[in-house]
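Line order of the protein sequences matches chains Z and U. Here the first sequence is numbered in our numbering, starting from -12 and rising by one per residue. Here the second sequence is numbered in our numbering, starting from 2 and rising by one per residue.
The hints are simulated quantities; they were obtained by calculation from the structure and are not laboratory data. Every residue, glycine too, gets a C-beta built ideally from N, C-alpha and C. Keep in mind that the hints are not guaranteed to be accurate.
To be verified - Some chain U residues well away from chain Z (every beta-carbon gap over 10 Å; in silico): (1) S81; (2) L113; (3) L114.
To be verified - No more than 30 Å apart at the CA atoms, straight line, and that leaves these computed lysine-lysine pairs for DSBU-like: (4) Z:K54 / Z:K87; (5) Z:K29 / U:K72; (6) Z:K29 / Z:K(-11); (7) Z:K(-11) / Z:K57; (8) Z:K43 / Z:K29; (9) U:K10 / Z:K29; (10) U:K71 / Z:K57; (11) Z:K54 / U:K58; (12) Z:K57 / U:K58; (13) U:K58 / Z:K87; (14) Z:K(-11) / Z:K87; (15) U:K10 / Z:K87; (16) U:K71 / Z:K87.
What the hints assert, rightly or not - Listed next, with one range per pair, are the computed distances between beta-carbon atoms: (17) Z:S56 / U:V13: 42 to 48 Å; (18) U:P9 / Z:E44: 35 to 41 Å; (19) Z:G(-4) / U:S68: 34 to 40 Å; (20) U:M42 / Z:L97: 19 to 25 Å; (21) U:P9 / Z:A4: 25 to 31 Å; (22) Z:R64 / U:S81: 47 to 53 Å; (23) Z:P1 / U:N74: 42 to 48 Å; (24) Z:G(-4) / U:V13: 26 to 32 Å; (25) U:A83 / Z:A4: 29 to 35 Å; (26) Z:Y26 / U:T87: 30 to 36 Å.
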Amino acid sequence: QKEVEQDPGPLSVPEGAIVSLNCTYSNSAFQYFMWYRQYSRKGPELLMYTYSSGNKEDGRFTAQVDKSSKYISLFIRDSQPSDSATYLCAMTIVKAAGNKLTFGGGTRVLVKP
Amino acid sequence: NAGVTQTPKFRVLKTGQSMTLLCAQDMNHEYMYWYRQDPGMGLRLIHYSVGEGTTAKGEVPDGYNVSRLKKQNFLLGLESAAPSQTSVYFCAIGAPNRGGQETQYFGPGTRLLVL
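Extracted from the complex, chain Z is given alone in its bound form (with noise of 0.2 Å):
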């Protein structure tokens, strides 16, 4: 069983549309947690981090924790046809140096016009 688990979608939505998406994590350890969006051919990019449990709100993007039930989430709101992606989350344990990322299996998003 993976550390973190993704649906791999794709998730198909409507524009205007809250798109949904979370990961279950088995590690209790984990304290730091992160959603990055990829597009197709490039490089993962930022969009949130978050330490603690509860919500965190960005713009469009709200990144949630729930660290008792090992379950994060990502909404965006106002879905555009630029939000099409593969969304990964991340997760570590915070350490001095060298914090190793694990990553769920990322889940695509079609945002459809």
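Take the given structure of chain Z and dock chain U to it, following the hints.
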């Protein structure tokens, strides 16, 4: 891509050939990482470095070697390429975020096909 460049962008190798992938940063960050990305597997850490002259193994180090002779450059070597090393390779740098913790920023990737 956060000042991270990777060379080459694409390469085809025959089994048994060797090659070196170069990652370069135009900043002064200590931490650098090499990942590989395969369908359905996400990104997996190969090797990493926490400073010039230091390297350490990640999750999938077998078949790869690395060197960090200069702070700006992190090299990934394949001594004898195998078809199982067909993948997309990403370099990342670790930079402090507003909270002072490290966040990783990725380069554009190198696509490698081993025949």
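Evaluated hints:
1. S81: holds, 26 Å
2. L113: Its Cβ never comes within 10 Å of chain Z, the nearest being 14 Å, so this holds.
3. L114: holds, 14 Å
4. Z:K54 / Z:K87: holds, 19 Å
5. Z:K29 / U:K72: holds, 25 Å
6. Z:K29 / Z:K(-11): The hint holds at about 25 Å.
7. Z:K(-11) / Z:K57: Holds. Z:K(-11) to Z:K57 sits at ~13 Å (cutoff 30 Å).
8. Z:K43 / Z:K29: holds, 26 Å
9. U:K10 / Z:K29: Since the Cα atoms of U:K10 and Z:K29 sit roughly 11 Å apart, the hinted pair holds (cutoff 30 Å).
10. U:K71 / Z:K57: violated, 40 Å
11. Z:K54 / U:K58: holds, 28 Å
12. Z:K57 / U:K58: Status holds; Cα separation ~27 Å.
13. U:K58 / Z:K87: holds, 10 Å
14. Z:K(-11) / Z:K87: holds, 15 Å
15. U:K10 / Z:K87: Status holds; Cα separation ~24 Å.
16. U:K71 / Z:K87: Holds - the C-alpha atoms of Z:K87 and U:K71 are around 22 Å apart, at most 30 Å.
17. Z:S56 / U:V13: 42 to 48 Å: The hinted range 42 to 48 Å holds for Z:S56 and U:V13, with Cβ atoms some 45 Å apart.
18. U:P9 / Z:E44: 35 to 41 Å: holds, 40 Å
19. Z:G(-4) / U:S68: 34 to 40 Å: Given range 34 to 40 Å: holds, Cβ gap about 38 Å.
20. U:M42 / Z:L97: 19 to 25 Å: Since U:M42 and Z:L97 have Cβ atoms about 21 Å apart, the given range 19 to 25 Å holds.
21. U:P9 / Z:A4: 25 to 31 Å: violated, 40 Å
22. Z:R64 / U:S81: 47 to 53 Å: holds, 50 Å
23. Z:P1 / U:N74: 42 to 48 Å: holds, 46 Å
24. Z:G(-4) / U:V13: 26 to 32 Å: Between Z:G(-4) and U:V13, where Cβ atoms are some 30 Å apart, the hint holds.
25. U:A83 / Z:A4: 29 to 35 Å: violated, 44 Å
26. Z:Y26 / U:T87: 30 to 36 Å: Given range 30 to 36 Å: violated, Cβ gap about 21 Å.
When each numbered hint is compared with the structure, violations occur for hints 10, 21, 25 and 26.
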